Structure formats: structure tokens, C-alpha cells
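Read top to bottom, the protein sequences are chains A and B.
Counting from 1, one number per residue, gives the positions in the first sequence under the working numbering.
Counting from 1, one number per residue, gives the positions in the second sequence under the working numbering.
In short, the hints are calculated from the structure, not lab data.
All values reported here derive from a predicted model rather than from experimental measurement.
Cβ coordinates follow ideal geometry from the N, Cα and C atoms, glycine included.
Watch out, some of these pointers could steer you wrong.
Between beta-carbon pairs, the in silico distance windows are [to be verified]: (1) Asp111(A) <-> Thr28(B): 50 to 60 angstroms; (2) Arg57(B) <-> Glu543(A): 56 to 66 angstroms; (3) Gln271(A) <-> Thr73(B): 38 to 48 angstroms; (4) Gly40(B) <-> Leu348(A): 41 to 51 angstroms; (5) Thr73(B) <-> Asp206(A): 39 to 49 angstroms; (6) Pro333(A) <-> Thr28(B): 33 to 43 angstroms; (7) Gly59(B) <-> Asp128(A): 24 to 34 angstroms; (8) Ala125(A) <-> Gly59(B): 19 to 29 angstroms; (9) Pro27(A) <-> Gly40(B): 31 to 41 angstroms.
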Amino acid sequence: MGDTLSGVGVSSGVGYAPALRLSRATPEPSADARHDGDADAEIRRAADAMEETARDLTARGERAGGAAREVLAAQALMARDPALADDVKRRIGEGATAARAVSEAMAVYRDMLAGAGDYLAARVADLDDVRDRIVARLLGVPVPGIPDSETPFVLVAADLAPADTALLDPERVVAFVTREGGPTSHTAILARSLGLPAVVACAGADGIVDGTPLLVDGVTGQVMAEPGEEQVADARATAAAREAAAARITGPGRTSDGHPVPLLANIGGPQDLPAALENGAEGVGLYRTEFLFLDRADAPGHDEQVAVYRTVLEAFPGGKVIVRTLDAGADKPLAFLPAPAAEPNPALGERGLRMLRRHPLTLEAQLAALAEAQRSTDAQAYVMAPMVTDVEDAEWFTAAAAKAGIEHAGIMVEVPAAALRARHLAGAADFFSIGTNDLTQYTCAADREVGGLSRFQDPWQPGVLELVAATAAAAGQAGRPCGVCGEAAADPVLACVLVGLGVTSLSMGATALPMVRAALARTSLAECREAARTAVDARTAEEAASRARGHLPGLADLGL
Amino acid sequence: MAERRVKVESEVGLHARPAALFVEAASTASGDVTVSKDGGAPVSAKSILAIMGLDVRNGDEITITADGDDAETLLDRLVEIANAG
């Protein structure tokens, strides 16, 4: 039996497989690296590495499909570029090693693209990736990116960015372990959407050696290296028993005394619909449309948007689908919507609705596509804007939606000022949806992606709960629905507390739905309210969670 | 040598998908194929890096040249790509 590391469990379940590390850094070949004199042999090495890289990129693109295939096909063309090959040949002829020659030749193009304006700057990252892949092959070090393995593995990384995970094969990855990240990081959200166990903020992750068998428990946050057979079996049995208990409850979300709480899914596109339907989602509470826009040189066209939105709406005939308009900026930069200037704190910068107010035509095009998609389906399309700060923002957005012919326009409450002024915002919006991830980030002033701040990335922080309470109360007084679509809704204990605070619907990654449905079904509305009252009164996040649990006796047989 | 002057109608110019299609089509030719923008120096149409470096946008005027027997057919195809999408 080996060491046990601990981090924060952010996506339940148990995974067991050898570790493989995501590598990102490729060393820079030194400027004085010279080959041993056989230039022809060195040129052949370079040509082979470029061709193998092109083939690998093409194959990855074929597997990924969609927009990723086009990006990867263009990268394969870069690796096979004849002008680049000529330049590499010349540099090797002058004595440089293959790795150094590739690095220098690509730097020339890099400078040219980087200097050519915003439009091409985004391609620099693609070019750098191609260079790193070729150079890594030539140096004999791991090729950067998600490891390509024929057998299942636990993915270990410093952190995961959305771009890293676009090509992830969920059939091969059985769990994630990252050094950085909190409960609301991309790793956590992705893991929950894929139903994979994940542990983040795991300080010892850097010391894990490739190939070490790891047992990852996404509930306790424990990562055991080289576990015994018995430990693996025990961990799997506990996870299975919990899942079985959750699977027994079906139907729409409600408390044990029948108070309805619609349970909705957070999705990133049509690919997430099967999981939402399998887990009994009653609709979509958060459709993150930015995934349609990420990693492309230009905005998707009208027809493409209509087709994608229609696919989502058609999956919920008669149901509610809340579409969040483009949430770009900060950790989700878009090549065609650059920030107007460098931002020292992008999370406090031009993002979400702020960005769209600068680019109203992008919003107009998105709303028009949605309005058209809605016309041919039975679903009720709702739209909401991210990062609304004040009444002026809310009024601007609802006017834009009305102009496009969309009847239901709401706002996300994730800026503390919006939560505090919810009574005024309720007059300007049809509904609220509290984004607890960002609300927590901004309330506690703790960047979501910084692993060392996980104590402040906790939606159990009583300051956050108090803002949720204020928002829900203001919505209730104005007769407006107030949902939660942050990851807080996916925590079955906290879900009960949110209902007790007056939240009217809960939306989460689909795989969390059965456990939340089961938790609500074992709890009365009065118990939810009592748990909420005691949690808001607590002095610390830990105390809030433990006090709330004490008022939710029905959760014990779920192992919560 | 055959030559065409085209005003690029592709919405994204010679970037993204049109650029890749353009280079793929040019690469099938046995002879040299070049592109220049606004009377600038011609670059190889078989090099995606050189094409991207030209930064051809919607409405820009480019000149495409090609050698060999299949030159006219190839130019037809390249003009079509520059104007689609």
C-alpha cells in the first residue's frame, strides 16, 4: 500500500487506474545546439517529426469531429508547410540541430502572425502547439497535451483549461486529479458533466509518477497511490450503494411533503442532452452557449446557431430551456471579441454582458437565431444574461431580448451588487438565476482558478448564503422565479438549504440530478427552511454545512 | 503562366476553413502556385503559414498565379474557395 494524498473532492464516484500526466511545457532547444555533422540525417529526422506530428493531429481531429477537426486539420497543414520545411532544412544545413531549426523557423512565422493584429493572434496559440509537438518529438520528451493512451488512466495535471479538454476521451479517462482549482473550477465542472470522479487542489499531485496506480475518491478527496485490492473493492462498493439509493427516486423534483422544485440540467451544447435526459432533467436551467464560440476564428453563422439551438429546444417539448447568452472574457477569451485593452484582473474586466454591450451585433445575432429556433419547437425558450451588475444592465438586456421577439428574459445574479439590489432588478427582469460559482468568487474576492484559495471558493460561506437569501426573498416579493444554476445546486445538502432560502428551481450538471432528487425527496420544506436558517446564522462555512446537515436527518441513508 | 485577380468574397477572408481548403487545393498542383495581395510580394499558395501571414480579409484584392497544364482548372477552383464561405 502506498501514500495517500488529499485534496478537495468535487465530483463524486470512485476511479481506479494508472496515472498519466498532462504535460504542457516543452523545453526550448538551446541556441547553441549543433548537430554532429551529418546534415542529411538531421534533415530526415526533422522531416519525420513534422510528418508524424501532422498525422497525429489529423488523427486526433478525425476522432474529435466538429469544429475541433477543422482546427486540427489546419494545424496539420502547418506541420506539413513546405515553406517551413525549406527554412528548417536551411538552418540544419548551417549546423543547427533539428529541434533548434524547427524552433527558430517557427519563431519567424510566430512573430509575423503575432504582429498582424487580433484576428491572427489567436492562431499563434495553434502554431505554438504545433511547434511544441514537433520539438518534443525531436527531443524525445512527452508530447504536450492530453496523453493518448489505449488503456484507461487517471489524468493528473496542474490544472485543466477548456482547450485541453476539448479532445478528452471520456472512455479512457476514469478520474481527474489536479494540483490547482477549486470546487467551481473548469476541472470540477467538466468532471461533473462527464460523471467522472475528480479531486482538485491536491497539493501532492505534482509528485505523482506516470504509471502509478491511483484510487481516486471524488467524495472524500482522497487519492491513494498503489492501493490494496480490498481498498479498491470497498471504495467501489460504497460508491455503488450511494448511487443505487439515488437511482430509486424518479420523477420531478419535490420535497417529501410535495413542494415542487424543478430539477434542470446545465449543458454546454447538444452533446450534453443524452445525459440530461437519462438523469431525468425537467428542462435546461443553464445552456452555456459559449462552447459554440470558443476556439474559433470567427462567430458561428446564423444557420449554424439556429440548428444547434433548435436541437436543444426539441429535446424538451413543453419544457423550459434557459439559454445564457455568450459569456466571453476573463477565463473564456474569444479571438473575435478581444478585450479592448490588457486587463490586469480579467475576472473584474470586460466579460459577459459587459463584452456584449460593446459588441451589440453579436448579441443581436444570437438572440435572432434563438428566436428563429424557438418558432419551430414547442419548448419555452428563456434567455438570460451573465454578469449583470445594475438595473441599467438588466434593462438594456431585456430590451434587446424583447426587440428580438423573445418573451422571457432574465438575468444571472453573480455580482454581489446585483444580489444586494435584487429588489430593484426584479422590476427589470422576468426571472433570476443565481450563478453561485461567480457569486462566491466575487463575494469572497477569490479567483476561481487559484487552488490555494479553496477555503473562499466555498458556496457554504455564510456571506454567500446571505446574498442568496436576499436575492430569493426579493424575487419572491416581486413574484418572480429565482433559480440557482451554479455548482452549489449539485451538492445535495446545500441544495436542500437553497430551497429553504427560497430558491424555486435548481440546475446542475446532469449526473448530480439523481442524488439531489433523492435528497429533496427525503426532506420536508420545513426541514429545508430550518437548515437554511441555521446555516445563514453560522459563523463559518464548515459550521454552516454541519449545522445544516443536523437539520436534514433524511440524508443519512444516502451517506451524506 | 496563368493569372487571376480576385476580390475575396469569403466572409472570413483567407482565414480559418477557407485558408485550409485553399492550401489543400494548391498543394495538389505539380507546379508553382502563388498569391499576392495589393501588388505585394507573391508567396507560395502551398504554405498555410505564408497565406495566413498575408492576412487576406473580406474585400481584399489578391492575385493568384499558377504554372502547368492544369493551371486554369486549378485557378477556377482557388477563386471559388476565395469567394465561398
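Hint-by-hint comparison with the structure:
no. : hint                                       : verdict
1   : Asp111(A) <-> Thr28(B): 50 to 60 angstroms : 30 angstroms, violated
2   : Arg57(B) <-> Glu543(A): 56 to 66 angstroms : 59 angstroms, holds
3   : Gln271(A) <-> Thr73(B): 38 to 48 angstroms : 40 angstroms, holds
4   : Gly40(B) <-> Leu348(A): 41 to 51 angstroms : 42 angstroms, holds
5   : Thr73(B) <-> Asp206(A): 39 to 49 angstroms : 57 angstroms, violated
6   : Pro333(A) <-> Thr28(B): 33 to 43 angstroms : 36 angstroms, holds
7   : Gly59(B) <-> Asp128(A): 24 to 34 angstroms : 30 angstroms, holds
8   : Ala125(A) <-> Gly59(B): 19 to 29 angstroms : 27 angstroms, holds
9   : Pro27(A) <-> Gly40(B): 31 to 41 angstroms  : 37 angstroms, holds
Going through the hint list in order, the structure does not satisfy hints 1 and 5.
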